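My request is simple: use the sequences and hints to build the entire structure.
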Amino acid sequence: MKAPTAYRALAATALCYALTFSGSRGHASELPTATVTTIELKTFMFSPSSVTIPVGTTVVWKNRDAEPHTVASVEGRFRSGALDENETFTFTFDSPGTYRYVCSIHPQMIGTVIVVPAHQ
Amino acid sequence: MSDHNASLTRRDALQCLAFGGAGTLFVLSGGVLTPVDLAAAADHDTVSAGKPLFVQISDTHIGFSKDANPDVAATLRLTIERVNALSASPALVLHTGDITHLSKAAEFEAAAELLKGLRVSELHTVPGEHDLADATVSEYFTRFGKASGNRGYYSFDHQGVHFVGLINVLDFQPGGLGTLGDDQIAWLESDLQGRSPSTPIVAFAHMPLWTVYQPWGWGTADAEAALVHLRRFGSVTIVNGHIHQIVQKIEGNITFHTARSTAYPQPAPGDGAGPGPLKVSADQLVKVLGLTSARIVRHPQAVSLTDSSLA
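Which chain is which? The protein sequence lines are A and B, in order.
In our numbering, each residue's number is its place in the first sequence (first place is 1) plus 861.
In our numbering, each residue's number is its place in the second sequence (first place is 1) plus 11.
Treat the hints as calculated values from the structure; they're not laboratory data.
On a predicted model such as this, the values are computed, not experimentally measured, just so you know.
Watch out, some of these pointers could steer you wrong.
Stated by the list, open to error - Non-contacting residues of chain B with respect to chain A, defined by C-beta distances greater than 10 angstroms in every case (computed):
no.	residue
1	Leu-89
2	Ala-99
3	Ala-117
4	Leu-129
5	His-135
6	Ser-166
7	Glu-200
8	Thr-210
9	Phe-244
10	Gly-245
11	Ile-261
12	Asn-264
Unchecked claim - Capping the alpha-carbon separation at 25 angstroms, the derived lysine-lysine pairs in DSS-like fashion look like this:
no.	chain 1	residue 1	chain 2	residue 2
13	B	Lys-77	B	Lys-290
14	B	Lys-77	A	Lys-903
15	B	Lys-115	B	Lys-290
16	A	Lys-923	B	Lys-77
17	A	Lys-903	A	Lys-923
18	A	Lys-903	B	Lys-115
19	B	Lys-298	B	Lys-260
20	B	Lys-127	B	Lys-115
21	B	Lys-260	B	Lys-62
22	B	Lys-157	B	Lys-127
23	B	Lys-115	A	Lys-923
24	B	Lys-298	B	Lys-77
25	B	Lys-157	B	Lys-115
26	B	Lys-290	A	Lys-903
27	B	Lys-290	A	Lys-923
28	B	Lys-127	B	Lys-62
29	B	Lys-77	B	Lys-115
Glycine included, each C-beta is placed from N, C-alpha and C at the ideal position.
Encoded structure:
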């Protein structure tokens, strides 16, 4: 007699997941969903200079200048080594928040990464 | 006498601008550190005007290999030959930073090996931002940090002149200019405390301690907080690199002077989209690289500078 109850609970759980899933799909076109985002370092600028990404997203910075650049968090959360032309630096953002960073060689280059919760 | 020295200083400054060359010799003359073109210093009686104090080299960028200079080791070797060939060689060489291009261990090792060729008894360095670009900011300090207890700033005395090495490339604020920071400024104040105003001061750092061009970050945001402790001295000479070209300013008793690179030139402030290596023809390159020599003159006590190209 217990088995059917368990099945009912399982079915309800499955339905709940299905609803949740379709719910988040409904937002998919509005929320950023990429798991990898690329920012280029070009003509002494981060491009784009500001990105908004969901938690868990990996950001890849690629230096397109002949001059070396770095990616250095103002709050000390991450710091690349010197990136020569076409070299990349990768960091995965696991916590929501606003992360400001500069090129420590050319600190007039300023960028921001805004990390938002995955499901809102 | 001091008028004579002052006019000499101005003439030398004009001379160094005219040559636009590779190196600068600093001569302490009548309380003022005067830059003298190195080529002129080698065969000119400016050499007799005071004793050699130091030679400044800067921005060697070992590891750089792009079009603006595919062989920066060769131009550094040439610079070292010029220093060693000075008829009255100074005891000190100051390297005002950007020893390497990418802060790589192999670049520091190659640079150290090349700099061993200098026939001087002391080499003093401060780091440039290119020397602190490794992820752990440790390669420079591992090799050159001892003099400063790994802080980057330190002082010493030589020939009656007080030398202060400062670091303004560690704490960048978003927006660009270099920063000395409160701790370093407090240290500077106590380091200078009790010293006689007649003691000539030579301060050296990588980035200019005056704002040469703000949009490119060519300056130090809190320089004024340091300068207030220097103004009471009769002769203050502040030398730096970073911008790879000679720019000089005299403000009261303080002479500001930026040296050429031994690696590659950069554009004049505001000329083009941004700073960076400037490609010139191969025969022009040695004319825009160089070093600076300093001499000291005793009556009155002053430092004079000479810039010399590698041409």
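Hint check:
no.	hint	result
1	Leu-89	holds, 24 angstroms
2	Ala-99	holds, 37 angstroms
3	Ala-117	holds, 13 angstroms
4	Leu-129	holds, 26 angstroms
5	His-135	holds, 23 angstroms
6	Ser-166	holds, 26 angstroms
7	Glu-200	holds, 26 angstroms
8	Thr-210	holds, 34 angstroms
9	Phe-244	holds, 31 angstroms
10	Gly-245	holds, 35 angstroms
11	Ile-261	holds, 28 angstroms
12	Asn-264	holds, 31 angstroms
13	B:Lys-77 to B:Lys-290	holds, 9 angstroms
14	B:Lys-77 to A:Lys-903	holds, 17 angstroms
15	B:Lys-115 to B:Lys-290	holds, 24 angstroms
16	A:Lys-923 to B:Lys-77	holds, 19 angstroms
17	A:Lys-903 to A:Lys-923	holds, 9 angstroms
18	A:Lys-903 to B:Lys-115	holds, 22 angstroms
19	B:Lys-298 to B:Lys-260	holds, 22 angstroms
20	B:Lys-127 to B:Lys-115	holds, 19 angstroms
21	B:Lys-260 to B:Lys-62	holds, 23 angstroms
22	B:Lys-157 to B:Lys-127	holds, 18 angstroms
23	B:Lys-115 to A:Lys-923	holds, 19 angstroms
24	B:Lys-298 to B:Lys-77	holds, 19 angstroms
25	B:Lys-157 to B:Lys-115	holds, 19 angstroms
26	B:Lys-290 to A:Lys-903	holds, 19 angstroms
27	B:Lys-290 to A:Lys-923	holds, 24 angstroms
28	B:Lys-127 to B:Lys-62	holds, 24 angstroms
29	B:Lys-77 to B:Lys-115	holds, 17 angstroms
Hint violations for this structure: none, all hints satisfied.
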